[in-house]
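Using the hints, position chain B against chain A.
2 protein chains.
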Amino acid sequence: MDDRVREHAETLVGWSARIEPGDAVVVDVAAGAHRLAVAVAERLGEVGANMTVTYGSDEVTRAYLRAHDDDFETATGELALFEHADAYLRLGGGRNTAATADVDAGTRQAYRGARTELREARMDTDWVSTVHPTRSLAQGAGMSYEAYRDFVYDAVLRDWETLAAKMSRVKELLDSGDEVRLVTQRNDQPSTDVTMSIDGRTAVNSAASVAYDSHNLPSGEVFTAPYATAGQVFFDVPMTIDGRRVRNVRLIFEDGEVVDFDAETGADAIEAVLDTDAGARRLGELGLGMNRRIDRFTDNILFDEKMGDTAHLALGRAYDANLPDGESGNESAVHVDLITDLSEASRIEIDGETVQRNGTFRFEEGFEL
Amino acid sequence: MDDRVREHAETLVGWSARIEPGDAVVVDVAAGAHRLAVAVAERLGEVGANMTVTYGSDEVTRAYLRAHDDDFETATGELALFEHADAYLRLGGGRNTAATADVDAGTRQAYRGARTELREARMDTDWVSTVHPTRSLAQGAGMSYEAYRDFVYDAVLRDWETLAAKMSRVKELLDSGDEVRLVTQRNDQPSTDVTMSIDGRTAVNSAASVAYDSHNLPSGEVFTAPYATAGQVFFDVPMTIDGRRVRNVRLIFEDGEVVDFDAETGADAIEAVLDTDAGARRLGELGLGMNRRIDRFTDNILFDEKMGDTAHLALGRAYDANLPDGESGNESAVHVDLITDLSEASRIEIDGETVQRNGTFRFEEGFEL
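In the order they appear, the protein sequences are chains A and B. For what it's worth, the working numbering labels the leading residue of the first sequence as 747, then goes sequentially. For what it's worth, the working numbering labels the leading residue of the second sequence as 747, then goes sequentially.
Okay, chain A solo, but in the shape it has when bound (with noise of 0.2 angstroms):
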């Protein structure tokens, strides 16, 4: 086995789930994930943890979505299956990217809705969700598997430690701000200037470990849950949602809400999302990559959120960690991320003052006012 399973399987148990004896662990794989799945297994009987292996099967998946009537209801036992555990590790890596692209939207919706205790029960536990390099995703990625493999593994396997002071500084400027504005401006596309309310939220230094509210592998990200969003985005990196691409997509927001939206490509995958319920139609992230290991886009939410210079906002469901105890933040069945690229002729500003320009923080080096 690649050395370097065994240490991506080593990272997500030890570093990102914190596993501990006796744990009881779910743990969810792709059908490409197989040799990552061999190597936590290892791990979790190295640890000492009590294991449950479920199938993530896309190709699964579309078959049962597509011959039901839509009319779900929600699985007790599986819910149970999450309420008993302590942690949930998501391997991802499918064998195809667009394996559920034929699914109906509405049918998604419908199985979305129901699953909604499911998924909240799994976001209770120290759940982390990572994936196996497969020739699927090196191929959406537009890379060789040589390649592909080496672009993850770098992403991943980093001193965690080293990142999360870098960007415990980011963490600092959002949690003493109110206000965020983007403001991007090029001359080949349309602009963004949007601000954002962000006063009495808590940022996420997003280190990929459950310690630091982080669940993703690799993360390398800050992110916060602002609301009162007003003015435009314009998001430049292609995405595939839903199995579906998305290019170009434009949103105009007034009192947090979206209230009108083009794109170049995927409009109508855009439109289901808005669609699904009231929340959809508001912010439930605003995120800064920091991870430079990832220096290309990829057409993976997972790396291409987390790339260095660049922000990301999520439509629909907002992270608890960001919000005060007990507050409830935006409630919705999706949480979709779409990115805009600031390594050029952008700025962010927190409360008026510039804290990035083209990418580059005011704490580093290079940072022009």
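Derived from the structure by calculation, the hints contain no laboratory data. Certain hints may be false.
What the hints assert, rightly or not - Selected chain B positions facing chain A (Cβ under 10 angstroms, derived; list incomplete):
no.	residue
1	Val773
2	Arg781
3	Val784
4	Glu792
5	Val793
6	Asn796
7	Gly802
8	Val806
9	Ala856
10	Gly1012
11	Ala1013
This structure is a prediction, so every number in the text was calculated from the model and none was measured. The beta-carbon is built from N, C-alpha and C at its ideal position, and this holds for glycine as well.
Using the frame of chain A, we list chain B on its own:
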């Protein structure tokens, strides 16, 4: 998709497990059974069942078991999953039948012990075990992949109602009898001469459906739960037990218990089984194979024990379906079948009367008293 994969799924969901709308179904998918899982998911969607999919990978289990210190705990979340389930569909078909061959017998035993409640909860559902034909199973059978698939689907896709009607005559014979005697006498191998009490026990007409208390697809056997076994049995059909080859096993019974044994190959595997617990030295099952579409041994108990003109005895756990209501039969963490070929120089007596000779029952053409 091979139409037979779909027919297999339809037989499993419809005839075997009798899944109804709203049923909570746990599907366990072996690493090589993906295509069958897709077909089963489609069928479950059509029926409107609730589906949870677990991953039954031998390689994942091996990695976990080898790394663990053997101090296993019951997985309470997984237990809850099974307790909520109406049905459990096990889709076997791995990629290496010897995948767990290097897992220590003591470790297996400890793990089995910690999963007793889970196993019982699963067996309280309408569970069905089947396999998807994989190259690994074809290899284990000494067959080409193409020929093996034909073999599997011939055994699985048959007119179960017609076979059930025929098997009901054997059930009648066993139900009305008090003692069974099995005799084989061939020059080239040790003989079998064993008697078992079946007084008060009810035979199962195992027609591959939970409606018949039958939980295997394919099935095609009539079985009961014997006791007070005395005599010698020689099992001439080669087997693989816990990943180890076993051949030509001889068991000596006194007062219902194995008091001596030997084996040409795999004596250590038999010894490990016998040492599991007190119940592992007693019989849990006497079965008579009646699926003549299974016309060869393929080193897979699911098929081998159903082969026409064979009988099998299982060390360990008895099935409740064979016992009077509320009475518990032999209890054990194991249920290990051993098979003897009855196609020549054999007879089965019930209460002193010959009911089968050389594999032919007395109600069949060609029977000679």
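We went through each hint and held it up to the structure:
1. Val773: holds (8 angstroms)
2. Arg781: holds (9 angstroms)
3. Val784: Cβ of B/Val784 sits 5 angstroms from chain A, so the hint holds.
4. Glu792: Holds. Min distance 4 angstroms.
5. Val793: holds (9 angstroms)
6. Asn796: Holds, because the Cβ-Cβ distance from B/Asn796 to chain A comes to roughly 5 angstroms (cut-off 10 angstroms).
7. Gly802: holds (8 angstroms)
8. Val806: Interface hint status for B/Val806: holds (5 angstroms vs cutoff 10 angstroms).
9. Ala856: Check failed: Cβ of B/Ala856 comes no nearer than 12 angstroms to chain A, outside 10 angstroms.
10. Gly1012: Constraint on B/Gly1012 not satisfied, violated at 26 angstroms.
11. Ala1013: violated (29 angstroms)
The structure is inconsistent with the numbered hints 9, 10 and 11, although it conforms to all the rest.
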